[in-house]
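Trainee: Generate the whole structure from the sequences, applying the supplied hints.
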Amino acid sequence: MALTAQELRCIELVCDYLGSVYGGTWRLTRDLDEENLSTPSPDAEVSNGTITAAVEVKQLMGDASARKHSTSHSWLFKYLAPTYGGRYHLWPCSGFRLPIKRPLIDTIKTEIERVGKKIAPGQNGAIRIARSGEITCISKYEGQFINCWHTGQTAEVVRALSPYVSGIYYLADGEQTNRWHHSFVTDEARRQFQSSLIDACDRSDKGRPVVVDWHEEWKLTRSDTNTEDGVFIFAMHIGWVDPGLCEELQRALDSAAPKFLKRRAETHILVLERVGASNAAAPDVERILPTLSLPGNIDLILLIDGDRVTNLKLHRASAHDRAPRPR
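Mapping to the numbering used here: the sequence shown position 58 is 731, numbers consecutive.
To be clear, the hints were calculated from the coordinates, so they are not data collected in a lab. It is possible that some hints are incorrect.
Stated by the list, open to error - Per label pair, the in silico range of CB-to-CB distance:
#1 T712 to T900: 41 to 49 Å
#2 L934 to N797: 56 to 64 Å
#3 T859 to T783: 17 to 25 Å
#4 L934 to D689: 26 to 34 Å
#5 T712 to I961: 27 to 35 Å
These figures come from a predicted structure and were not determined experimentally. We put the beta carbon where it would ideally sit given N, CA and C, even for glycine.
Mentor: Here's what the structure looks like:
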């Protein structure tokens, strides 16, 4: 199989790196993958005319949850674009995570279509998101306090109503929406929310929850630059770095191992390219790599992050004997 543009780009960066460290002008000399269609082999051979190296390129695209986030983010960018065009930035509430279910996707798309055309380039608007919860009366006649599961400033929009209620109340508003925090862009939406809560408190009895519905708002900004039409959602991927990184590094190592079973050049080089949602920052990869099961026939591992090449310092006696030495 012919080398892809991505593989050629990585190999060019590797050649530049080898030239700067080991001297000489390194070039692609053989497409090993194309020459060995029936047997596993590295992608390519490179050489400076004196030393040869076999290079295999593997992409690090994140663990399963990070890949789902990245895929969803890219798809939504195009899908949410309004029919009349334009580039927008959407700022969901704190606690929002991707991917999301289709009913919410359709709601967001409808709202962007409705609101987006009213926003001038460089200006802000707000889309409306339906929310629901339950008010539970803890005590009808003692104290004046209302709270929700949120903490800090997010909860203040609810706690601020304490002087206006008689009794102690709790708003359960987090479970069905993955613990989204309250979000309002306009004072009008905030007042309507608070009015709905006070009304629900008045209607509640101890031990009998009252359903309350309201709308919250997410900021929508229209870009003032002439770039690709779409909607960029500001949504973070939250996950444990070490388990996810261990998973994708070991997967890349296991996939590369069969390519180097046969000695193909004086030096065997595995290239790990960080792309997409991968957490493969060089310090973390260097820290985790020695704890993994490393193939025995790889002499050098390089990490490519953008245009930056990092030597991950794979130390083995046999590899040390074969690897090219700095001149």
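Trainee: Please go over all the hints and tell whether each is borne out by the structure.
Mentor: Now for the hints, and whether the structure bears them out:
no. : hint                     : result
1   : T712 to T900: 41 to 49 Å : holds (46 Å)
2   : L934 to N797: 56 to 64 Å : holds (58 Å)
3   : T859 to T783: 17 to 25 Å : holds (19 Å)
4   : L934 to D689: 26 to 34 Å : holds (28 Å)
5   : T712 to I961: 27 to 35 Å : holds (31 Å)
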